[in-house]
Amino acid sequence: MSYRENAIIKSTSCLATGIYEIWFQTSDIAKAAKPGQFISVYSSNGAHLLPRPISICEIQGDLLRIVYRVVGEGTKEFSQMKAGDMLSIQGPLGNGYDVEASYANKKAILFGGGIGIPPMLELAKRLHCEKNIVLGYKDELFLNDEFKSYGTVTIATEDGSAGVKGNVLDAIFEYSIQAEVIYACGPLPMLRAIKAYALEHHIDCYLSLEEKMACGIGACLACVCDSIQIDEHSKVKNKRVCKEGPVFHAMEVEI
Amino acid sequence: MEHLINMNVDIAGIHFKNPVTVASGTFGSGMEYADYIDLNRLGAVTTKGVATVAWAGNKTPRIAETYGGMINAIGLQNPGIDTFLTRDIPFLKQYDTKIIVNVCGRSKEDYVEAVQKLSDASVDMLEINISCPNVKEGGIAFGQNAAVAEDITAAVKKVSKHPIVMKLSPNVTDITEMAKAVEAGGADAISLINTITGMKIDINKRTFAVANRTGGLSGPAIKPVAVRMVYQVANAVKVPIIGMGGIVNAADALEFIMAGATMVAVGTANFHDPLTTIKVIDGIEQFMKEKNVKDIHEIIGCVNG
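Line by line, the protein sequences give chains Z and R. Counting from 1, position 198 in the first sequence corresponds to residue 198 in my numbering; the numbering is continuous, with no gaps. Counting from 1, position 114 in the second sequence corresponds to residue 1114 in my numbering; the numbering is continuous, with no gaps.
Simulated from the structure, these hints should not be mistaken for laboratory data. Be aware that one or more of the hints could be misleading.
[Claimed, not checked] Per label pair, the in silico range of CB-to-CB distance: (1) R:I1203 x Z:A162: 25 to 33 Å; (2) R:N1040 x Z:S161: 54 to 62 Å; (3) R:N1235 x Z:N6: 40 to 48 Å; (4) R:N1235 x Z:P189: 51 to 59 Å; (5) R:E1109 x Z:K31: 46 to 54 Å; (6) R:Q1094 x Z:S102: 29 to 37 Å; (7) R:N1204 x Z:G46: 18 to 26 Å; (8) R:R1213 x Z:T152: 43 to 51 Å; (9) Z:A83 x R:A1012: 38 to 46 Å; (10) Z:D226 x R:R1213: 13 to 21 Å.
Since we're looking at a predicted model, the values are computed, not measured. Backbone N, C-alpha and C fix where the C-beta goes; we use that ideal spot for every residue, glycine too.
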């Protein structure tokens, strides 16, 4: 079940250049949410009709936290909101990660790249296995300190300003980090490389995908990804990122 | 007092409890919206286009937001009519609403076959999509040539057990020519407008914002064009009209009704707010109460009065 609400903003802040957070007070959405799910956030400007799908970073009772990058007019509007303001949001949407599954007890690597890092925070909180958390940044860090109480954190930066110089896979090679299950969210080239690594080493792997969305609830068929098998709903080789995803087993999807 | 207000409309002998449906492709078969609204409230559900076999649709990105609207190039992805008949129709039959099935095809034979397969289905009307701008074969190609549009209308009419609504493209020089052609072919009703062909460039990537390069523009940005075309068609043909194009509230819907539409469809606005259809229905009723309009027929096409 998902809900449409006018949610009250409890607090906002800027975490890094262009990276902002909002804590929402919700009636039902936070209580129904799981890690890896997302919400649709609506602009109050009628010229911007489509919701902005934003992953859930943290869930605390009735409170829901999103951390997002300002990329256009819609996210710019959200970044100017203040505590006490309201935003129309809908969710929780998508499937999310299954933290009750049998594989969820296995030794894990959580990969987050760029704006794919935020959803890994709630997942890190909920998983009770041995965790290596590998975070990849271009340069400026954010959220990294908040992961420390949930596992061993390793940082990679493209410019080498912190941690390993390079990407998240360079970081696991540098420190010989191993796992039985991988969870990953980040840019497509990163997910492709992680899928190839997981296949080569026969590691169970769950990827969180992103695509341009319109409805966010599975009706418009805008946000499909290629699936390896014929999908049960679509009857063709594609799956709705907003509905069957955004979390897919690496072997379900062609990326 | 409510019984004094009549919002019922009839099209081709089919009775609708109110004049509000949804635009094909924006609402699936209603399943995803049932979380948010009571489908029983709708005059009809118009389904996403369905073809004889499953279609995979276009590459992504399939959509892009534009000022006051959006461009889509989904490419008529659909699961095929067999799945549709066994899954989507039984779902919709649980509700007290009429069912308008949108049919797409790549050839005249495709449309005829799909319509035949729907013959025994418990649905109310078929809407023939000869106006999709995002598929290479069929779609808009049939909706931009009056002789072809008339020929397809006659062909589906011949085999259909259900009333036929022909959905017109706005991407023509003279919309009335197309309307007259489908009326001559035997159409029971006309729906318009489908999307207006558009393009958006992603200036950061220096490429097209949707993979199909062009797409169909929808949303409030196109409403004045749609209202004008509904008005022109209403004055050119006798068959009833289902009007659509950028409706986001009751005032918008009333413009279409006053221009000559018997029914209206909410499309892109469903993406902005899944409750839009209900707000439009309630808003039309509120308007009628305030203006002492007892029967919706008093205002259908009233701008000519």
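Could you work out which of the previously given hints the structure breaks and list their numbers from low to high? Of the numbered hints given earlier, the structure breaks just one, which is hint 9.
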